[in-house]
Every structure is written in C-alpha cells, then in structure tokens.
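J.: All chains, please: the whole structure from these sequences, using the hints.
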Amino acid sequence: MAESKLKLNGVEVEFSPGETILQVAERNGVDIPTLCYLKDCTPTGACRMCVVEVKGARTLVASCAMPAGEGMEVQTDTDKVRVARRLAVELLLSSGVHNCLVCEANGECKLQALAYEYGVDATRFPSPTEIYPIEDDNPLITRDFSKCILCGRCVQACNEVQVNRAIGFGYRGAEAKIVTTGDRPYDQSDCVFCGQCVQVCPTGALTEKKAKGLGRSWETQKVRTTCPYCGVGCQLWLHVKDNRIVKVTAVEEAQPNRGRLCVKGRFGYDFVNSPERLTKPLIKEDGEFREASWDEALDLVANKFLEIKEKHGPDAIAGVSCARSTNEDSYQMQKLFRAVIGTNNIDHCART
Amino acid sequence: MTNSFADFDKAEMFFIIGSNMTEAHPVASTFVKNAVLNGAKLVLVDPRRTALADFATTHLPLKVGTDIALLNGLMHVLITEELYDKKYVESCTVGFEELKAKVMEYPPERAAEISGVPAEQIVEVARLMAANKPAMLMYTLGITEHTCGVNNVLSCANFQMLLGNVGFECGGVNPLRGQNNVQGACDMGALPNVYPGYQKVVDDAAREKFEKAWGAELSPANGLMIPAMFEGLADGSVKGFYIFGENVANTEPDIAHVEHCLEEAEFVVCNDIFPTETTRFADVVFPAAAWSEDDGTYTNSERRVNRVRKAVEAPGEAKPNWWVFKEIAKRMGQDWEADSGQEIWDNEVSMLAPQMTGIKFERIENDGLQWPVPDLEHLGTPFLHKDGCFTCGLGNFKAVEWTPPAEVPDEEYPLVLSTGRRLYHYHTRTQTGRSGGLNDLMGEETADISLADAAKLEIANGERVKLSTRRGSVELTARVTPEVQEGMVWMAFHFREACANWLTNPVYDPVSQTAEYKACAVKLEKA
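Going down the list, the protein sequences come from chains S and R. Under the working numbering, read the first sequence as residues 1 to 352, first letter to last. Under the working numbering, read the second sequence as residues 1001 to 1527, first letter to last.
Simulated from the structure, these hints should not be mistaken for lab results. Warning: the hint list may mix true and false statements.
[What the hints assert, rightly or not] In silico lysine to aspartate or glutamate, EDC-like type, Cα no more than 16 Å apart, as pairs:
no., chain 1, residue 1, chain 2, residue 2
1, S, Lys311, R, Glu1266
2, R, Lys1100, R, Glu1090
3, R, Lys1360, R, Asp1375
4, R, Lys1087, R, Glu1097
5, S, Lys222, R, Glu1097
6, R, Lys1319, S, Asp242
7, S, Lys309, R, Glu1365
8, S, Lys284, R, Glu1266
9, R, Lys1310, S, Asp242
10, R, Lys1523, R, Glu1411
11, S, Lys55, S, Asp31
12, R, Lys1310, R, Glu1327
T.: Structure representation (structure tokens):
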C-alpha cells in the first residue's frame, strides 16, 4: 500500500490509517485546542473546540473524531476556524457560572485559557438561572455543576480509563447533568474515589476538596515521586506550597500508571502533617516514655547492643526492616546488622 | 513479576488467582479491565466474587486453600488432551515426567471434589487457556499466605510453563507485590539468607566480596526469619529486637502471642513516624522522616527502581532512617561514608548488587529502570526468561501435592476465616487512618458473610456479631454479601479492635515462613 499523505496547513505530512486529524497534527507539532478530547478514549466531538477546515467539506469538522484521509487538505487556524472556536467558548461560558475569582481551577482551567486566547470577555447569551446545587457531601471531591461544560471527559475517565462505571450523562437538553446511578451523591454511589474525573476535568467543576484554599496552581511547586502504598509504584506529582503537600496528581505518560491513580494514592497523603507524628527520640523509663536528645538515645541503643553482643553473642539481636521505606534505608539496616552487629538476623515482612 | 504493567492492557488472556486487584492494586486492575473491554479473556480464580468477576469470562469460586488441587486438575486436562505446549516443554523445561505422574492423580473429578469447582468448568478453562496464548498469570497473597504457599507458587509456575507462557510479552508469572517497596527490601538483602542482589550469605565468594566492601567480618550462617525471631524472644535466645517501621503487634498472626513475645524482649528499639501498637513495647523510639521527607528509591512489582523525593521537611527532630542506622554504626565503631540516599545507592547498592549495576540516580530522574540492568547503557528488562530461556538454564517443573490448610472447620469452629486488604485503608491505618476523608469512606471493619450463613444463623446485615477462633475473638458488624461463599467469613486487618489478627493462625509455610492468613477455622455468632 502506498504511504498515506495529507496536507496540514499547506505542508505534506504522512499518516497511518486510523489516525485522526488531531493525532496527525499533534505528531507534527501543530497545536489544535481541545476541551473534551481525552487521549486513548473514544472521541465524542462534543465541545467543537478542535474544529478545522477541510477542503471540500460542507462544514468545519471536529479533528478529534475525523479520520485522516488520503489527499485531505486541512487548515487548522483560519479566520473561519477562529470564529467558530470563539463562538464555542462563548456558548460554553454562558452555559454555567464561571467566576474565576474564587475558583479552585483558576490558572489550570482550560476553558479560562481558551477564553483568554480567543478574547472572550463576556458572552452575548443569557446564563441559566436554575443550576444544580454544589455537591459537597463526600470528604474528597467537590462537584460544582455550575462550572460543568458537559464535555464528558470525566465520564470517559470513569468508564473507559478506570472502568469503574460510576458516572454517565443524565437528563436531557438544558437539564443535562453528569450523574451516578440514580443521580445520587458520589458517596452513596458506585464511585470508588479514584479521582480520575477530577484529574481530567478541564474546568473547576470537579476539584479536590482537601486542597481548597491551600494554594493557587502558580504558587505551588511540583515534585515528582512514587506512591507510598501498594506495589504498583504509581508516579505522582506532589503539589507543594509552604512546606505542605497541597494535593497529589498523577504524572501523565509515566510508567507504570500512565496518568492514573487510586483513592489512596491521590488522597492518602496528608498523614505526614498529622499532629500525632513522632518528633523527638523517646526513651522509656519506669514504664513511661520521656523525650531525649538524639545523642542520648543513639548512645543508649549502641551501648545496649554492644552489651548484648558481648554477653550473648551477635545472634541474640534481631531486626525487622521496613517494606514501606526506601531501598537505601533497608540497605543501611541490613548493613548495620551484618557488618556492625555481626548477625544475619535481619528480615522484613517479605511475604505479606 | 516476570513481566511488566505495560503488558496488562495489551494482553489477550489472563489467569488471575488469589488477587483482589481492584482493591489491593487498583491501578493495575484498570489496565486489566481495559484489555477485557478490548476483547481479552479473563479467568478469575477466587473464593470470593470480587469486583473483577464482572469482567471475567469465567469465575472459578474455589474453596479456600484448594489452589493446588485445582491447578493440578487443569494440568491433568492439558496433558491428557495433549493441549500443552510440547515444543516448549521439550526445549525449555525439565521434570515433565515427574509433574505428569503427580498431575495424573488429579483428574477433573477429584480436583472438583476438593476445590468445589465443577469438573466440566475445569475442563472448559483448561481448553480456553490452551487456545489463547500467551496468557498472563497474576497472583497475590491468596496464593502465598498459606502453609502450602510455596507449593501454590510452584503450581502456578508449572501451569504457565506447561502452557509455554513464560518468557514472552503478555505472559509470565506475575505476583503483584502488596507493599510499595517489599520488592526493594528483598533486593536490598533485608532477608536472613542473602546480601543485596540475592547473593547468598552461605556462599564463601559472596561473603568475601561483602567483607571486603564493608571492611568487616561477616557471619557465614543464615539468620532468623520473623517467626523464629518471635520464638527467640519468647525463649530468651533473642534479647535485642530492632523494629523499623513495622506495626508487628497488629500485622502478625495471633496478636496475643505476638504481644507476649514483645513483652519478653530485653530491649526493643523502634524507628517509626507515629506511635503505634508496636512502639508501646519499645525501650527507645526514634522519630523518622516519612515518605515525601527524604530522597531515595522504591522498587515496584515489575522490578522498576523508581525515585522518591523529598518535597517537605520532616517535623521536629525527625531524621531519615538511613541516618539513624549510620549513627548507630558509628557509635558501635564503624564510620560509613555515604551521607545521602543517592550516595548509598550510587556508591554502594549499585556497585554491589549485579542486577543494579546500570542504575544510577541520574538515569532514573524520570521513569525508573527495571532490573536487571547490567550496564550503564542498558535500558532495563521488561520481562524475564526471554523466549523461555530461563536464568538457571531450563525451567524446572516441580510436582506438588495438594495439602489442606493447617486448621480446617470442625464442629466447634465450623466456618473458614480468610483475610486481606480493603480499598480505602492500608494495613494498620497508621497512614490512611490519618489522611483526611478515608475514615469517612470506611470507618469500621465488617465480617463479610454469605447470604446462606446469615439466613442459617438469623444474622441481619448490619447486626453485631462475634467471631471466635482458638486464638481469640472480636466483635464487629456483619456485612451480608453475595461476594462471599457459604461457609466462609472474610475480614481485613485495618482496625485494631476488630483486627483479623486476633483470630489468625500462627502457622507457616515451612520454606517461606509465610503465615496462613488466608485460612483458619472460625465460629460466627450473634454478639
């Protein structure tokens, strides 16, 4: 079969059968704005942001859903395209209440960014008066339907990415809403709080409740790390402000989790801030713990181990290392037991 | 795992046994579900109807602790119907005749009688597996936490080798590791018989290598595994006990016995981030830096060495654990040079463990590398035993006999108790119990019981019940659910008062010393 080619903004490029215009453009470094498009999921063409002109086509086409075709001539940034995108942004803005001043998504909101790019400051269309109330019943995720543009990314994340099948589209027309089975709150539904819907939401409709008010996106630093729970080893971004983890998101395109997390990985981070943390070495005296200096506690342990070793031999000391802490910590502990104490009595819960 | 998570959503056939992946490894399960939506077939073997059953082509609800009988039965069909991979067996394995002899004692009818899985279903699944290759076998603690845990694992390996599924992408034998760095702790030699990189302490050459590297004389004798350490505390042969970041007073089977052993210790030291049920027994507690407060690495189930980074300062005077060990070593007469996670890894681990030679911090800034990584140019090893070329030469079939759990139901304790983890919590809740929201999503433990047993004992969903075993008893709320089969009770070990380990049986696999958390006899009654 001959190589398939099309013209993208006047430049001839190759494509493989099945690729969409959007994928061809992305691969060739041509930026097409999107809102509803979620990589690796079935394209819905819902938001109309990714429209492009295709020579000979009757209307503008949604590039996320249109397969590339042999000999196509595609223009991604014409006046006609920009007018259509501007209108799409206007309509989406008018569909809800988009008050960026207090919105948690400010600075990360794709709708906000597109409004800025396409110069939309107010809309010509009336906003709805009746809007579903904010759902704030569960401890982790806030659902603000007034900011939902019904792009359906959360529905795809739930059904096609995580396959938890907890949410879908409900009702019709102006009353359309993203719903769980029976339109119940998240915490009374099949939702398992993986938070993938929050991760993909392009606006402030879905936000992390625990992060509320703790910092704007431009105030936080992102630090990449590995999840501390199960053995999958998901890659995380820790969003940090003022020596505090504000929220956790998944690293997109990273192995092994490719942008996915579960409830523990996404929401189980703030134990580090608990007031119950141990902050000083403790020594037990007459059955009670008292605080001690590092020198005193370290000397006590070293001397006691030396004493036991002297009296009963090195094998009278045993140690259990930690399957939760780092490799470097386990290495050091086994080295302490083998090279310093002189015993191989070192184990951990390898089998559980 | 022999293979990688990247294989999961590309695989076309799965055999998942003893793994409640959607709760214990949720993200891994998403890739399995993706594959199923794309047409992959899934055989799920689990006594419970876990969430993956909704995605399974077939669910085999075997009785607790009958895995070997079932697997032998499946292999019986593969051999008698000549469905196994003869070429693979001939060229890549040894021990087939012994395997065959043993497996022939398990015709489907006998396997069915033991496992409770109908014989026709066993035949059907064997044919399905033979017709869809390669298949990925995944298992978790449902396989290992038995007195026959090692034999269970061997049986899984036999099955996959007989099918010719080991050594290929989207194949292999894949244990999902329960904890973030349990793979790494093994790799680092936090085991009584091996140095870092699985070099045996009884091997003279290995010992000499480490004696030279560490400048110290090393013991040539294998050390104690955890159960023997506790026995040593009880009989006085172990005097000093150092517990680093483990809440053994909740996680080991038979809490009452464990606490007795800890009380007997002459001197207990703990490193931890919180006061726990275990630190109560300590003479000295060191406050440790937690995840996100120190730099280092974790190694995941697919052998990928990933960076963990310091993002915030540790509270108060809390210090990194490696620093604590270094300071104790210094006070006992040894000065160690390495003074950071990176120096420990780059200058020691990577120099001493052959699998890690090619891994340096600068190479794992982004995605980690999967060991073995033999040199600095090597890109890592996504799957082991390529094309059936086993590390040790040929794949070894080991014929294994089914053995029942050490404690089986009787008149006094008529049900089987099996235990595990739930989605919203992790182990003894030292972390998840202190992370906002998770207690709200799951605030107490339940005894999960079948509809049939609930009806028989007139127990309503939500009613308080008492569970008793020969070790102890707990009171908790009943959750009546179709997930659990008749004759079985299931619960987790996340909550202290209703912790499964007041009940579990401290009996162990003779080789691995893994406790039989998955099976003991229990009595269920209204509280």
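J.: Could you run down the list of hints and mark each one as holding or not?
T.: Evaluated hints:
1. Under the criterion of a C-alpha separation no larger than 16 Å, the hint pairing S/Lys311 with R/Glu1266 is consistent with the structure, at around 13 Å.
2. Between R/Lys1100 and R/Glu1090 the alpha-carbon distance is near 13 Å, which keeps this suggested pair within the 16 Å criterion.
3. For a cut-off of 16 Å, the pair hint linking R/Lys1360 to R/Asp1375 stands: about 10 Å separates their Cα positions.
4. Simply put, R/Lys1087 and R/Glu1097 have alpha-carbon atoms about 15 Å apart, close enough for the 16 Å limit, and the pair holds.
5. Simply put, S/Lys222 and R/Glu1097 have alpha-carbon atoms about 58 Å apart, too far for the 16 Å limit, and the pair is violated.
6. For the given pair, R/Lys1319 sits about 20 Å from S/Asp242 by alpha-carbon distance, which is inconsistent with the 16 Å threshold.
7. Annotation: proposed proximity of S/Lys309 to R/Glu1365 is violated, straight-line Cα distance about 42 Å (limit 16 Å).
8. Our distance criterion of 16 Å between C-alpha atoms is met by S/Lys284 and R/Glu1266, whose separation comes to about 13 Å.
9. Straight-line distance between C-alpha atoms of R/Lys1310 and S/Asp242 comes to about 14 Å, which keeps the hinted pair within the 16 Å bound.
10. As the CA atoms of R/Lys1523 and R/Glu1411 are separated by approximately 9 Å, the hinted pair is consistent with the 16 Å bound.
11. About 19 Å separates the Cα atoms of S/Lys55 and S/Asp31, which puts this hinted pair outside 16 Å; it is violated.
12. Taking the CA atoms of R/Lys1310 and R/Glu1327, the gap is about 21 Å. The hint is violated against a cut of 16 Å.
Consistency note: the structure conflicts with the earlier hints numbered 5, 6, 7, 11 and 12.
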